[in-house]
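Participant: These protein sequences, in sequence, are chains A and B.
Note that our numbering gives residue 206 to position 202 of the first sequence, counting from 1, and the numbers run on in steps of one.
Note that our numbering gives residue 603 to position 203 of the second sequence, counting from 1, and the numbers run on in steps of one.
I should point out that these hints are in silico values taken from the structure, not numbers from a laboratory.
Remember, predicted model here, so these are calculated numbers, not experimental data.
Every residue gets a Cβ at the ideal spot worked out from N, C-alpha and C, and that includes glycine.
Incorrect hints may have been included.
Stated by the list, open to error - Stretches of chain A that chain B covers, calculated by requiring three or more beta carbons in the stretch to come under 8 Å of a beta carbon on chain B:
(1) 48–59
(2) 131–137
(3) 198–212
Claimed, not checked - Taking beta-carbon pairs under 10 Å as the criterion, some of the chain B residues facing chain A (in silico):
(4) D469
(5) R481
(6) R499
(7) L511
(8) S515
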Amino acid sequence: MTTETLFSSYQPIEQYLRLLQANHQCDTQAVVSIKAVDAFLMKQFAAYYPVKPTIVDVAAESTLGTSTIFWLAHSGVQQVIVPYDEKTHLDWLSWLQSAKKSMALDNDLLILPQGDADLSSRWLDVESRLDPLSPPLFVVAVPEIWANGMKSILETLLTLVPEPLIFLFPIGAIGRSTLLDVALSTCLPSSPYQLTVMRDISFFFAGSQLGLIYKRDNHIVPDILRRMGQLYDGNFDLLTLLEKNIGWQVAHQSEKVAHIQHETVPLVPPPYPEPLLSGRLIQRGYRALVPSGVRQSLWHKSVSMTTGVRNNYHKIIPLKTRLVLRDIRILLLGR
Amino acid sequence: MNNNDLLSALSRILADDLPAPIRSAPVGVTIVIPNWNHEFVLARAIRSALAAVKALAEQEVSAEVLVIDDQSRDGSLTLLRQLEALYFDDGLRVLALSRNVGVVAVRSRALLEASYRYIVFMDADNELVPENIYTFYRSIEQTNAAVVYGNIIQHGLNNEYLNLMNNESFQNHIFRENYIDTFALYDRLQIFDSGGYEENFILHGHEDWELFLHLAVGGRRLVFVPVVFGIYHDMPASRVKSVREPAHIQERQAYLDRVFDQLGIREKQLPNTHQLRYHPDIGYI
Numbered sequence: 005m006t007t008e009t010l011f012s013s014y015q016p017i018e019q020y021l022r023l024l025q026a027n028h029q030c031d032t033q034a035v036v037s038i039k040a041v042d043a044f045l046m047k048q049f050a051a052y053y054p055v056k057p058t059i060v061d062v063a064a065e066s067t068l069g070t071s072t073i074f075w076l077a078h079s080g081v082q083q084v085i086v087p088y089d090e091k092t093h094l095d096w097l098s099w100l101q102s103a104k105k106s107m108a109l110d111n112d113l114l115i116l117p118q119g120d121a122d123l124s125s126r127w128l129d130v131e132s133r134l135d136p137l138s139p140p141l142f143v144v145a146v147p148e149i150w151a152n153g154m155k156s157i158l159e160t161l162l163t164l165v166p167e168p169l170i171f172l173f174p175i176g177a178i179g180r181s182t183l184l185d186v187a188l189s190t191c192l193p194s195s196p197y198q199l200t201v202m203r204d205i206s207f208f209f210a211g212s213q214l215g216l217i218y219k220r221d222n223h224i225v226p227d228i229l230r231r232m233g234q235l236y237d238g239n240f241d242l243l244t245l246l247e248k249n250i251g252w253q254v255a256h257q258s259e260k261v262a263h264i265q266h267e268t269v270p271l272v273p274p275p276y277p278e279p280l281l282s283g284r285l286i287q288r289g290y291r292a293l294v295p296s297g298v299r300q301s302l303w304h305k306s307v308s309m310t311t312g313v314r315n316n317y318h319k320i321i322p323l324k325t326r327l328v329l330r331d332i333r334i335l336l337l338g339r
Numbered sequence: 401m402n403n404n405d406l407l408s409a410l411s412r413i414l415a416d417d418l419p420a421p422i423r424s425a426p427v428g429v430t431i432v433i434p435n436w437n438h439e440f441v442l443a444r445a446i447r448s449a450l451a452a453v454k455a456l457a458e459q460e461v462s463a464e465v466l467v468i469d470d471q472s473r474d475g476s477l478t479l480l481r482q483l484e485a486l487y488f489d490d491g492l493r494v495l496a497l498s499r500n501v502g503v504v505a506v507r508s509r510a511l512l513e514a515s516y517r518y519i520v521f522m523d524a525d526n527e528l529v530p531e532n533i534y535t536f537y538r539s540i541e542q543t544n545a546a547v548v549y550g551n552i553i554q555h556g557l558n559n560e561y562l563n564l565m566n567n568e569s570f571q572n573h574i575f576r577e578n579y580i581d582t583f584a585l586y587d588r589l590q591i592f593d594s595g596g597y598e599e600n601f602i603l604h605g606h607e608d609w610e611l612f613l614h615l616a617v618g619g620r621r622l623v624f625v626p627v628v629f630g631i632y633h634d635m636p637a638s639r640v641k642s643v644r645e646p647a648h649i650q651e652r653q654a655y656l657d658r659v660f661d662q663l664g665i666r667e668k669q670l671p672n673t674h675q676l677r678y679h680p681d682i683g684y685i
């Protein structure tokens, strides 16, 4: 079962960074940092590759050893080779070796100083150290200011071995990343090499800055990338889930309201035509015009009269007349 | 194989390099959500936990959410991967186990994997109240307690109010019946130093209760803070419901009596944590 997550992939990097921070001498910020999603993608790719690859970690210096620690913690690689320029600042090498011991990382680590030889000779030295049965996976990290000089290095690496694989980061947005422009110019449609930017594999990799360069006729790589994307394919596309959930809630509420209305006796009377005369208006007029004493005696007389009329109404007035009178009453008074 | 051998074996299986002891951890809160086949309610729990992380960040307290998936088979892991990719920078972490080990072993694993000193254990069907988490954080810092717990509102399946749980301080009748839910804030280092959870089939479903008793009799503090900690949503197939058979209750009580009260005098012995109630704005109540 594939149980790797961003958290588990990124843990060695977090641990290493904590070690660096705890050591007050290590105040230098890495020129390039590795994102958690990219750590996951690189780790999973190497784990899915048919044969354990050998990592050639060209990114070691610009990440201050972070990428090397990351690969040393990966049980699915054969060996990690770190070529470095002898003339550069070397504190990170001692931090790296100390962290390897402190974190008890057992993978083979080969550190290769690269002297003044020309570019091709330096990389031939790396090639001579590769295990013939373990495909090399180059990891290259370049800050934006150095990206322009990468084309020649990429071209050298691509011709170094028959089946080159190069992880390249940080690749920024289209139109705003020199490294992306350099990679695209190296992998033109007419060239035998292909660039895949990981953020294109899945919506959930949108934060990735990782690219992979490989030969167009390499059929293994597209399968692996598809397999990695499928780890994030669920039944619920989040927007559709939201839409369906809202739709369901609305329908459910409508059913509840309909049920309540069916069960409840309506408090308002059924609608009648608007009365021509409001009963309240007649009442107010009556009270204004007729004195209180007269109203009281009229009320007493009307009670006895209405009782008598009510008791005899149905005997005296025929049905059809009574229905007409009822309709007139509703028209005038609304009830 | 006795229980200690089992725990050691499990620890070796679960952690390649078992640190002994856990090194001091930076101050902060890890909210742990063990998950086993709770796909449909998981997002609700994670949302409340991330809101709590944000609330703590506003008080300059570091926090994270750690979801440990115990080999779910219902699609939870795919959902967790998606959420982790979206919310990693907001503090969401996911650990997927390759074997189903049970919630107690998952909590034990969380004690090792958490980044921060204080830990909240919440189930995948619970919800935190983010506005109050800082009150509990202040309480545990100020009292040096091993556990601080608050009120929990119990909701039914239709989100209707059912009950208010966890509504009293630690008192000796807890040796007869548990009334403190696992859903609380813990000092991870004190729990680890005390030996953590005991995995014992007799206790199945009540390992948290045994831990509370073990901490109390060991002199550690369990402090009640009279503030709502979270919401407990009653699920139809809740694990706790399955362990309330009378025969099981008897067996469990007999075991706990043997461990904690062989002489039957526990009620006369008031632990340090007896009736401790605290609010950070008031002090001990």
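Participant: Now look at each hint and say whether the structure bears it out.
Facilitator: Hint-by-hint comparison with the structure:
1. 48–59: The restraint on the region 48–59 of chain A is violated, since only 0 of its residues have a Cβ under 8 Å from chain B and three are required.
2. 131–137: As far as the region 131–137 of chain A goes, the hint is violated, because 0 residues have Cβ atoms under 8 Å from chain B.
3. 198–212: Result for this restraint: holds, n = 3.
4. D469: holds (8 Å)
5. R481: holds (5 Å)
6. R499: Hint on B:R499: holds, closest Cβ of chain A at ~9 Å, below 10 Å.
7. L511: Not OK, violated: B:L511 not within 10 Å of chain A, min 16 Å.
8. S515: Status holds, d = 8 Å.
Consistency note: the structure conflicts with the earlier hints numbered 1, 2 and 7.
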